[in-house]
Structure formats: C-alpha cells, structure tokens
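Q: Whole structure, please, built from the sequences with the hints as guidance.
Single-letter residue listing:
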Amino acid sequence: DAKTTQPPSMDCAEGRAANLPCNHSTISGNEYVYWYRQIHSQGPQYIIHGLKNNETNEMASLIITEDRKSSTLILPHATLRDTAVYYCIVRVTARQGAQKLVFGQGTRLTINP
Amino acid sequence: KAGVTQTPRYLIKTRGQQVTLSCSPISGHRSVSWYQQTPGQGLQFLFEYFSETQRNKGNFPGRFSGRQFSNSRSEMNVSTLELGDSALYLCASSTREGLETQYFGPGTRLLVL
Chain V
1 DAKTTQPPSM DCAEGRAANL PCNHSTISGN EYVYWYRQIH SQGPQYIIHG
51 LKNNETNEMA SLIITEDRKS STLILPHATL RDTAVYYCIV RVTARQGAQK
101 LVFGQGTRLT INP
Chain Z
1 KAGVTQTPRY LIKTRGQQVT LSCSPISGHR SVSWYQQTPG QGLQFLFEYF
51 SETQRNKGNF PGRFSGRQFS NSRSEMNVST LELGDSALYL CASSTREGLE
101 TQYFGPGTRL LVL
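If you're matching them up, the sequences are chains V and Z in order. Just so it is clear: in the first sequence, position 1 is 1 by our numbering, and no numbers are missing. Just so it is clear: in the second sequence, position 70 is 70 by our numbering, and no numbers are missing.
One thing to keep in mind: the hints can contain errors.
[What the hints assert, rightly or not] Pulled a few chain V residues facing chain Z out of the computed Cβ check, cut under 10 Å:
| hint | residue |
| --- | --- |
| 1 | Tyr34 |
| 2 | Tyr36 |
| 3 | Pro44 |
| 4 | Ile63 |
| 5 | Thr65 |
| 6 | Leu101 |
Hints listed in this document are in silico derivations from the structure and should not be mistaken for laboratory results. In this text, a Cβ means the ideal position worked out from N, Cα and C, and glycines have one as well.
A: Right, dumping it as structure tokens:
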C-alpha cells in the first residue's frame with residue numbers, strides 16, 4: 001500500500017494560510033489523495049480529495065504536484081477551530097473495487113491566536 | 001441528512017468477554033468500513049462491507065468479525081477481549097464501494113480492563 005509522510009506538528013497564526021505538506025512518492029496512477037482531520041478523538045472529518053488536478057472546496061484547497069509524489073493542503077484563513085490532527089491518506093482500491101483508507105500518523109496543526 | 005451513528009458511544013468490558021458494536025450508515029449509503037484507532041498504532045483498517053458481503057479485510061486476528069444487514073446497518077464483534085483491544089472504533093460509510101468518499105461516525109470508545 002502506498003504510504004504517506006507528514007510532519008508530526010505545525011503551528012500557524014490565526015487568520016493566516018495554513019499549508020500542510022504530504023509526501024506520497026509511491027502512489028499509483030489510480031490512487032486518490034484524501035485529506036481528513038480529527039478533532040479531539042472525534043470521528044475523522046472529510047476535507048477534500050483529488051487524483052491529479054488541483055481541487056478547491058469551501059473548506060480548503062488541494063495542490064498536487066505534477067508527478068503526484070506530493071501534495072499540499074491549504075486552509076486559506078485558519079481559525080482556532082481548525083486546530084486538529086490532519087491526515088493525508090492514499091485510498092487504495094483493491095479487488096472488485098473494494099476500498100480502504102491507509103492512514104499515516106498525521107500532522108498536529110495548532111492555530112495560535 | 002443524518003450522519004453516521006454508532007452505538008454505544010462508550011463501553012467498558014473485562015478481558016475474555018466479547019463485545020458487539022453497531023453502526024448505522026448515512027441514509028442511502030451501502031458501504032460500511034470499520035477502523036480501529038489506538039495511540040500506538042493510529043488508525044487501522046479492519047474491514048469493509050458492501051451489500052452484506054465483506055469486500056476487504058485488514059490485518060487483524062479472527063477475533064474481529066463483522067456483518068452487514070440488508071438495511072446496510074453493520075455490526076462488528078470482538079471475541080475474547082484483550083487489554084490491547086482498548087481503542088476507539090470508527091465506522092465510515094459511503095454510497096457504494098469503489099470511488100466514493102467515506103464519512104465517519106463519532107466512534108465507540110472501548111476500554112478493556
């Protein structure tokens with residue numbers, strides 16, 4: 001399974017853009033990159049996903065490099081409520097289309113006032 | 001639309017007992033996946049069910065099992081509980097197997113004494 005590497009922790013000032021990097025150098029051509037976040041041991045919350053094009057939604061933007069070996073999640077205007085553990089995940093599709101999410105250790109993002 | 005619900009939210013058991021956890025997916029979702037989260041191992045995939053059939057299985061011993069009902073609700077069972085089974089058990093649902101986003105429930109926190 002493709003693995004991801006993320007920095008264990010990051011800090012960001014409130015109101016600034018938070019840029020969270022992820023390395024997935026062994027990703028295969030048909031594997032998607034997903035981002036989830038987890039606040040206080042609640043269930044992970046879906047943020048965004050992409051295959052090879054950059055993506056944007058109401059929560060964040062996802063920038064994927066052309067070789068697909070790394071990506072960056074951007075929270076454009078971070079707030080204190082964005083403090084969480086952020087997981088960059090490669091979704092592996094197994095036989096018959098079955099899927100699973102392979103989680104790494106994530107990045108603990110702290111937004112400072 | 002209501003999210004993924006899991007019951008019970010908290011549970012305390014003793015070694016050797018068995019436990020059954022329940023997951024109700026988002027209405028219309030037919031795929032249910034289970035994950036275990038511990039401080040040491042992080043989030044790990046247990047299994048996925050679609051149309052009452054197990055489609056994918058993680059690397060867990062046979063003490064961990066699950067099933068899915070015709071209404072897409074799912075249960076997972078852990079027999080002969082060990083101290084190391086103490087964890088947050090998370091359920092995620094998606095509309096179907098394959099290329100669909102998984103949405104997580106709040107989890108069931110299991111403590112084995």
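Q: Against each hint, give a clear statement of whether it holds in the structure.
A: Evaluation of the provided hints:
1. Tyr34: 8 Å, holds
2. Tyr36: The hint holds - tyrosine 36/V has a Cβ within 10 Å of chain Z, the shortest such distance being about 8 Å.
3. Pro44: 5 Å, holds
4. Ile63: At 19 Å from the nearest chain Z Cβ, isoleucine 63/V fails the 10 Å test, so the hint is violated.
5. Thr65: Since the shortest Cβ distance to chain Z is 21 Å, the answer is violated.
6. Leu101: 6 Å, holds
Hint compliance for this structure: hints 4 and 5 are broken, all remaining hints hold.
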